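These protein sequence lines are chains A and B, in that order. Just so we're on the same page, our numbering is the position in the first sequence counted from 1, plus 22. Just so we're on the same page, our numbering is the position in the second sequence counted from 1, plus 18.
For the record, the hints were derived by calculation from the structure and aren't laboratory data. Some hints could be false.
[Stated by the list, open to error] Cut-off 27 Å, straight-line C-alpha distance, at most; resulting in silico cross-link-like pairs (DSS-like, lysine-lysine):
no. : chain 1 : residue 1 : chain 2 : residue 2
1   : B       : 211       : A       : 54
2   : A       : 131       : B       : 61
3   : A       : 54        : B       : 26
4   : B       : 156       : B       : 211
5   : B       : 27        : A       : 79
6   : B       : 37        : A       : 24
Remember, predicted model here, so these are calculated numbers, not experimental data.
For reference, the chains in residue letters:
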Amino acid sequence: MKGLIFTEFIEMVENQMGFEMANSIIEDAQLKSQGIYTSVGTYHEEEMISLLIQLSKRSGLSIPELLESYGQYLFGRFAILYTHFFTNKNSSFEFLEKIEDYIHVEVLKLYPDALLPVIEIRDQTNDCMTMIYKSPRRLVHLAIGLIKGCSDHFKENLEISIKKELNEGTEVWIEIKKI
Amino acid sequence: MDMLEILKKTLERERLARKAAEAIIEQKSLEIYQANKDLKDLKENLELRIQHRTREIEASRQELLVAKELAESATKAKSSFLSTMSHEIRTPLNGIIGLTELVIKANKDKTLDELLGNINLSADNLLVIINDILDFSKIEAGKISFERTAFSLGKLTKGLEGTFKFRALEKNLQLVCTRDESIPDLLVGDKTKLNQIMINLVGNALKFTSMGSICVDINIHEQSDSDISLKFSIKDTGIGIAPEKQSKVFESFAQSDSDTSTKYGGTGLGLAITKKLIELQSGAINLISEPGKGSEFYFTLSFGLPGKEDLKLYKQENSVLKMVHFKQESILLAEDNKINQFVAATALRNWDLDVDIANNGKEAIEFLCKKKYSLVLMDLQMPIMDGLQATLEIRSGSKPVIDREVPIIALTANAFSEIKQQVEQVGMDGYATKPINQKQLNSILHKWINKVK
Chain A
23 MKGLIFTEFI
33 EMVENQMGFE
43 MANSIIEDAQ
53 LKSQGIYTSV
63 GTYHEEEMIS
73 LLIQLSKRSG
83 LSIPELLESY
93 GQYLFGRFAI
103 LYTHFFTNKN
113 SSFEFLEKIE
123 DYIHVEVLKL
133 YPDALLPVIE
143 IRDQTNDCMT
153 MIYKSPRRLV
163 HLAIGLIKGC
173 SDHFKENLEI
183 SIKKELNEGT
193 EVWIEIKKI
Chain B
19 MDMLEILKKT
29 LERERLARKA
39 AEAIIEQKSL
49 EIYQANKDLK
59 DLKENLELRI
69 QHRTREIEAS
79 RQELLVAKEL
89 AESATKAKSS
99 FLSTMSHEIR
109 TPLNGIIGLT
119 ELVIKANKDK
129 TLDELLGNIN
139 LSADNLLVII
149 NDILDFSKIE
159 AGKISFERTA
169 FSLGKLTKGL
179 EGTFKFRALE
189 KNLQLVCTRD
199 ESIPDLLVGD
209 KTKLNQIMIN
219 LVGNALKFTS
229 MGSICVDINI
239 HEQSDSDISL
249 KFSIKDTGIG
259 IAPEKQSKVF
269 ESFAQSDSDT
279 STKYGGTGLG
289 LAITKKLIEL
299 QSGAINLISE
309 PGKGSEFYFT
319 LSFGLPGKED
329 LKLYKQENSV
339 LKMVHFKQES
349 ILLAEDNKIN
359 QFVAATALRN
369 WDLDVDIANN
379 GKEAIEFLCK
389 KKYSLVLMDL
399 QMPIMDGLQA
409 TLEIRSGSKP
419 VIDREVPIIA
429 LTANAFSEIK
439 QQVEQVGMDG
449 YATKPINQKQ
459 LNSILHKWIN
469 KVK
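Just chain B, with the same shape it has in the complex (with noise of 0.2 Å):
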């Protein structure tokens, strides 16, 4: 073969192996594109799916707020039901008290003396439940404030002893109230809620005691030279708790069994409340208990002692209030229920003041044109008018009342912060608290009005 043939050959393998290197090549492109639109379309999808659970998440973000919102307005709903059924359930309740010290203080036959106190006291406790529920959601919302105010805790004890005494009697148990003697007796802080503390552990210790004593025992925890803090016990000889129900005991609408509240009644919010309570007081509650031999609940909270001011304010408090007589002045009561008029306008008129009464705030400023009064007592919720609208009219001038500055007092069964705002802006000059009694009507009196002495 010569030279010519063999490169012949040669370049015919070479081209052949270019082809076969393009063909290669080809191929490798071909898969190099393939992978390339594969990323390509993989990267849209992601994109696609990010944008979809974008949109998504959106979509969830605005349920929530939807949600969020029907929450709020929910519980606000529910606040101001609960507000309104305390209203509505006082004010029958504030007849039953009213007309009850009505028919004390008419009655002259000693054996109804008993009994007729004992129905206030139910009405009292009637009270304190009701004051519970309310106090449960106020807590939830938030809505609790403690006073600082002076008080005797003689004055305190003696008053547990006189509202359980009966009971006590009853079921042939001893209700024992001890205290350190060296405790001041005028302390700083707030009476109401440790009345309420103090209510509950002992009617608790009551409710489920068969036999025995209950025993209340003060002492005192730690002293300083402003405040003093003192532990409480309430120790009694009843069934007792089992320990693994007792870490349960504080929790709202729990008793420690589910036959408790069968058997013992109750609401199950008592212990929940007074625990709340005593922690909002910076104060701390235990228990100590076994089942067949009894329960000892104890609670440390301080209390300040009291200064000048405090000790002014309590005396003018306290003063032993003559249930004076008043020269004729005239008094305008606008409230809406018939009971609660009936009630106030007796009670006014035993002391010798000329009661008009009018149904709603329409007619209280149609009564102040009219005539002159000395003050005004104005129930806040009435028809057509209300007390608050009334009081903004009368004030304004807008109508032709014959003393736009007559002092008025509102009468609410709320004394939620915002009330008493809303009452000092419309221009009221107090408020009380429904439902009214005797003795807080008479300091009302005292307070704007001259009197004989």
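Same shape as in the complex, but just chain A (with noise of 0.2 Å):
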């Protein structure tokens, strides 16, 4: 898992919830990197889960809470990191639709061995979509999290619901309404 998603979380841990919430956790999960992250580095996903775990311990919210406020945040992140994916994109539907096809490729080029999901757009219409997250990781809270973000950045109102699970939660259909 790329280094950005780490940096990311501990720096929005220390400033929302203070440096010793984020010093507490990194030690306790006793991780292989010490917690030791630069974004431009790779790690392993299962840090992540530790990381949360420790979270969801000290703060008493749940790992999927935790995912979904994290998507939130790190999607304004995004959006001030990476301005050329969002050009022309006037809409959070005009921007989840080009996921898969745009940023995620474009990703792929400069990282070739990042492991993201895979996203896939259907029944699209005018006010109403479904988004079928697939990936082994399993973090489609993460995803949720990301498309509230994206709502927030493009100041409209949507409605996120999981229609249905898959595949033991590695295949997830989002409906997102627009409200």
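Combine the two chains into a complex, taking the hints into account.
Below, the structure is given as structure tokens:
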């Protein structure tokens, strides 16, 4: 998993929950990397899970809740770090439908070993779409968080719900409605 | 743990993360540098290869230029070799023809007439073969030109019958020449080439036929006010040509069978030349044949219809020249070949002319300084000084010749247009092609000397 995910996460925890919390979860998680993350590095996704487990313990929030929060925060960071992905995108739907064909393609060009989920858009109308999330890492809640962040960024109101889960959560159908 | 401790640890992690990032950047930089270097090396390598390839191409080009020049000079050499050879071959042939004519003239024994006639014909045929080879090389070099003079079609066909009568009789074959009566007798075109074509086709027909007949038929194909297009057909009852071989017969050096040359002889050039001569005159030749039954070669050629000028020239050329005698005029003959000397001198002396013989251009000038001549017959190819050089000196007045303007007629084996040009340029008054026969000689004399009727 790309270092960016870790560095943003730690920074979010430091800013929103304090240095002590961040330090604690790093020490408790007994990470191989010892919490030394740089955005240009690559680290095992297990460490993310370990950090989340520790944070969940200390904060009382569930892992899905934490992931959703993080996703929402992360989207805002993407908008600042990768403005080139946002040119000519004027609505959340315009952005979401380009994730697989454009954003992920560009990411893979630079980082051919990046592990990304497969995002498929279906049954798209003006105010409704179905997004199918497929990934063995089962981080659908991060995806939902990102969608929320997307809605925030484009100043829209989106209703997001899980329609169905398949294959032990490695495939999730998400319904997104404009309200 | 107090905040200070926590921050210290956080700071420590940040430092290490920064250092890790820097290491990664170093690594990436190295990779980029290496990639650039590889690219640069590749570019230089490519440039070297392009330079090398360019040099190779240039060298190739030079080689090709050299090869081209070699090929061109080889062609030139071949051309000049051929024209020299033709001179070498025609000279003794000239001797045979000339001597035979003299014998015919002197002959009182009727039984020898036919035999002598045939010697003459054989020599003529040999000439045809030599001309074939020469023509072929001329065609290859693009040096063929076609005459437009009036000639008699009737005379041509009669000549054809005469040429082949004996051979046909020998093989017990019928040779029949017919033509459409409405075809005018006098036509404008190249008589010599037409004769050549007919001799080739009729000769072939005779060669490949063992029984039956050869029919030559001439018909009108198209006619207008100024031109007439004729269809010539030569049909035989000979061995025929297999369908798969028919397309090949017009190719040079091809005979329909590899056996043909051994069984029937021939150079294999005749049909190729015939086809070229026809096509160069905007005609076309075709073949219908069936093995075992016979062949028909037919071709079309266009001719002009003679106008006043053409008729006048025709009359001049063909008036029955009385082989008249001339007043005691002096002729200078410059010719290096002994036989040619003998033949020409004898003929001239028979007409009461006083003949002096020079062996080369230098001697000819010496003669001209001592005596006044009515005409000079000047062979072009002679040792020590050739005919062109001698004429230049005579005309320029650099030598004290008695008459600078004496008529000089060139004798040459070649009638290439360059020769004609050279002859004119040095100031000669005309030319005659060798082997020179009595008729030619007489008409030259008619033109340039006063005569007693």
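Consistency of the hints with the structure:
1. B/211 - A/54: Answer violated: residue 211 of chain B to residue 54 of chain A is near 106 Å, above 27 Å.
2. A/131 - B/61: holds (25 Å)
3. A/54 - B/26: holds (20 Å)
4. B/156 - B/211: holds (13 Å)
5. B/27 - A/79: holds (22 Å)
6. B/37 - A/24: holds (17 Å)
Consistency note: the structure conflicts with earlier hint 1 alone.
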